[in-house]
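*Asks:* So you can see what is in the structure, the chains are spelled out below.
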Amino acid sequence: MTAGPHGPVARRWAAAAILVAVLALAGVGLARASGDGTPSPQQRADAVSATIRCPTCQGLSIKDSPSVLATGSRAIVEQQLSQGRTPDQVRQYFVDRYGPFILLSPQTRGPGLLVWLIPVLALPAAAGLAWRWVRRARATRDRAPAMAAGRVPDTDADGDATQALQAFGCGELDPDDSPAGEALREALLVRRAVGQDDVTDDAALRRAEARLGAAYRRYLTRTARVRPSTGPGRTLPRRSLAAVTTAVLVLTAGVALAAGARTRGVNDLPTGDLPGSAPQQRAAPRLGELAAATAQRPTDARAWVALGRAYDGTGQFTEALAAYDKALALEPGADDVALLRAGVLVRAGSPREALPVLAALGAKFPDDPDTLLLLGLAQDKTGAPESTKTLRRFLQLAPDAPTAPGVRSLLVGR
Amino acid sequence: MTGVLDAVPDRPVPAGGRRRRTTRALVLLAVVALVGTVLASRLGGPAPTRSVLLDRPAPPLAGPLLRGGSFDLGQWRGEVVVVNVWASWCIPCQREQPLLVSTYEQLAPRGLEMVGINVRDEPKTARAFLERYGQAPWPSVMDPDGRRAVDWGTFALPETYLVNRDGTIVAKAVGELDAAWIQDNVVPLLTGPVTP
Numbered sequence: 003m004t005a006g007p008h009g010p011v012a013r014r015w016a017a018a019a020i021l022v023a024v025l026a027l028a029g030v031g032l033a034r035a036s037g038d039g040t041p042s043p044q045q046r047a048d049a050v051s052a053t054i055r056c057p058t059c060q061g062l063s064i065k066d067s068p069s070v071l072a073t074g075s076r077a078i079v080e081q082q083l084s085q086g087r088t089p090d091q092v093r094q095y096f097v098d099r100y101g102p103f104i105l106l107s108p109q110t111r112g113p114g115l116l117v118w119l120i121p122v123l124a125l126p127a128a129a130g131l132a133w134r135w136v137r138r139a140r141a142t143r144d145r146a147p148a149m150a151a152g153r154v155p156d157t158d159a160d161g162d163a164t165q166a167l168q169a170f171g172c173g174e175l176d177p178d179d180s181p182a183g184e185a186l187r188e189a190l191l192v193r194r195a196v197g198q199d200d201v202t203d204d205a206a207l208r209r210a211e212a213r214l215g216a217a218y219r220r221y222l223t224r225t226a227r228v229r230p231s232t233g234p235g236r237t238l239p240r241r242s243l244a245a246v247t248t249a250v251l252v253l254t255a256g257v258a259l260a261a262g263a264r265t266r267g268v269n270d271l272p273t274g275d276l277p278g279s280a281p282q283q284r285a286a287p288r289l290g291e292l293a294a295a296t297a298q299r300p301t302d303a304r305a306w307v308a309l310g311r312a313y314d315g316t317g318q319f320t321e322a323l324a325a326y327d328k329a330l331a332l333e334p335g336a337d338d339v340a341l342l343r344a345g346v347l348v349r350a351g352s353p354r355e356a357l358p359v360l361a362a363l364g365a366k367f368p369d370d371p372d373t374l375l376l377l378g379l380a381q382d383k384t385g386a387p388e389s390t391k392t393l394r395r396f397l398q399l400a401p402d403a404p405t406a407p408g409v410r411s412l413l414v415g416r
Numbered sequence: 097m098t099g100v101l102d103a104v105p106d107r108p109v110p111a112g113g114r115r116r117r118t119t120r121a122l123v124l125l126a127v128v129a130l131v132g133t134v135l136a137s138r139l140g141g142p143a144p145t146r147s148v149l150l151d152r153p154a155p156p157l158a159g160p161l162l163r164g165g166s167f168d169l170g171q172w173r174g175e176v177v178v179v180n181v182w183a184s185w186c187i188p189c190q191r192e193q194p195l196l197v198s199t200y201e202q203l204a205p206r207g208l209e210m211v212g213i214n215v216r217d218e219p220k221t222a223r224a225f226l227e228r229y230g231q232a233p234w235p236s237v238m239d240p241d242g243r244r245a246v247d248w249g250t251f252a253l254p255e256t257y258l259v260n261r262d263g264t265i266v267a268k269a270v271g272e273l274d275a276a277w278i279q280d281n282v283v284p285l286l287t288g289p290v291t292p
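Quick mapping for you: the protein sequence lines, in order, are chains A and B. Sequential numbering from 3 applies to the first sequence in the numbering used here. Sequential numbering from 97 applies to the second sequence in the numbering used here.
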């Protein structure tokens, strides 16, 4: 009774125990991740909403978007699920109205199916290839010591020569371009030529056999020594990899160029009343956070102001106005919000609507440059003659403001 | 007979091997190109004006009206109908309102019907909006949570749909309307006498 026979058995048990433990942990993890039992209606609606694109903002799902149409879409999802429709039926409702693009994940039919299938097919294919490479590398490695120790010093020239000749004859042996390969090829040709002679010269035949045997052994030793030294990487199809990498790079560049070259025309999606622009995409996560803040604290006027400013900054004027309106409803006397709102109106092309508010603010704060600037611009855009006076007063109060040069050029000739 | 021959490495079999590798590379290349094409085609996104609802039956539109009473688009089967999705807080809607009013004044005598979908508005604000911009005489269905707009596949406000006499959506305008759209799409469907 030595430890010897117990070693592997004990190790096998330990391995089995570890495997069981890992599987058990994975099972517990899965159970935890899938939640406790059946999801609530809200969770189901959220799960479906997360798969549908917001029609207005496109980069977000209707679950994450604060826009009006996303709200309507969420209401539809909830309503249809409560009526007993399946998530797929709900998604189909949106596809029927907006096209397959409205789904954030590709469809499981048509070209979209390819996107789903490729990973499923690529994984086993890659695993198979990897297994083959590893196996091949290991076979080469195992062969090397055997040849170094046993076959190569063997001086059985006849045997080796016969085998080489046979292998060469049936195409199994095709020496490469290395010096050893060249030597082997030459020896093979010489041996063949000697064998074809009508008068057999025994001495020449023996010499050719010996030469061939030696060349073959040298060739085998060389290939056996060279290959493992470079490891399994030697067997990777480098050229294919290089070709694929180049293809991916070229494709990516092409797609990027094509996407960049697409000009926004009259038929492109207006977001509110402005074309979607780069800053808008950059601000998207921030907008989401701010919108979430207003959802958490709907009575916090400052949260609405922050959201309004963010919308304003991205040119989504209608949303900005809606957010400022909420803030004003909560804090009716907030002059700063009223000013911000009026600023949006002036920039969005509705100065007439902004004018009464700005006039009131101007009367209240006759020395505030921001108020005077907006009031002056609104007066200017509506053709009111007082604009010159208001803007001059703004220039007096804030001669170094970043907007001052623009205002000066507006006043030239007045 | 086995030993050495088996030990002959399978690497130096260039002729066939090289061809096989080329085939493999080509197959991989084809797969990459295919995936790339699929991804690229999805990157483009849709043109919202080319609504999937075009040439399809108009979705139902029924509900309470902004000025009281109720509405059902089904009653207008056989008429040419302009459906305008709007809100008082939407600035392009404010800009297009005068055009809608003048279109209605000119084309209603020739048989044009018009209905609005008023999205997520306070009824009071929405009515004030209509008064300010020329007291639109056509009905507007209230859509307090945006559901009806989504029903019509609306991407952003304003959008305008044209429904022909057999109840099919034949045109859609995204964004602020212009007179050319009315002239090109709406006018040819009307058969009533041209008023001076």
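Simulated from the structure, these hints should not be mistaken for lab results. Check each hint, because a few of them may be wrong.
If you want the footprint, here are the derived chain B segments under chain A, 3+ residues with CB under 8 Å [stated by the list, open to error]:
| hint | stretch |
| --- | --- |
| 1 | 114–126 |
| 2 | 234–243 |
| 3 | 259–270 |
The following residues of chain A were derived to be distant from chain B, with all beta-carbon distances above 12 Å [stated by the list, open to error]:
| hint | residue |
| --- | --- |
| 4 | 129 |
| 5 | 302 |
| 6 | 354 |
| 7 | 408 |
Computed from a predicted model, the values in this text were never measured in an experiment. Just so it is clear, CB atoms sit at the ideal spot from N, CA and C, and this is done for glycine as well.
*Asks:* Now tell me, hint by hint, if it's right for this structure.
*Replies:* Hint-by-hint comparison with the structure:
Coverage of the stretch 114–126 of chain B by chain A holds in this model, with 5 residues showing a Cβ closer than 8 Å to a Cβ of that chain against a need of three. Only residues whose C-beta sits within less than 8 Å of a C-beta in chain A count toward coverage, and the stretch 234–243 of chain B has 4 of them, enough to reach three; the restraint holds. By the rule of at least three residues with a Cβ nearer than 8 Å to a Cβ of chain A, the coverage given for the stretch 259–270 of chain B is violated, with 1 such residues. At roughly 16 Å, the least C-beta separation between residue 129 of chain A and chain B is larger than 12 Å, which holds for a residue marked as non-interface.
Even its closest Cβ contact with chain B, about 21 Å, leaves residue 302 of chain A beyond 12 Å, as expected for a residue assigned away from the interface. Not every Cβ of chain B is farther than 12 Å from the Cβ of residue 354 of chain A; the closest lies at roughly 10 Å, contradicting the non-interface assignment. Every beta carbon of chain B lies more than 12 Å from that of residue 408 of chain A, the smallest distance being close to 23 Å; the non-interface claim holds.
Hint check: violations occur at hints 3, 6; the rest are consistent with the structure.
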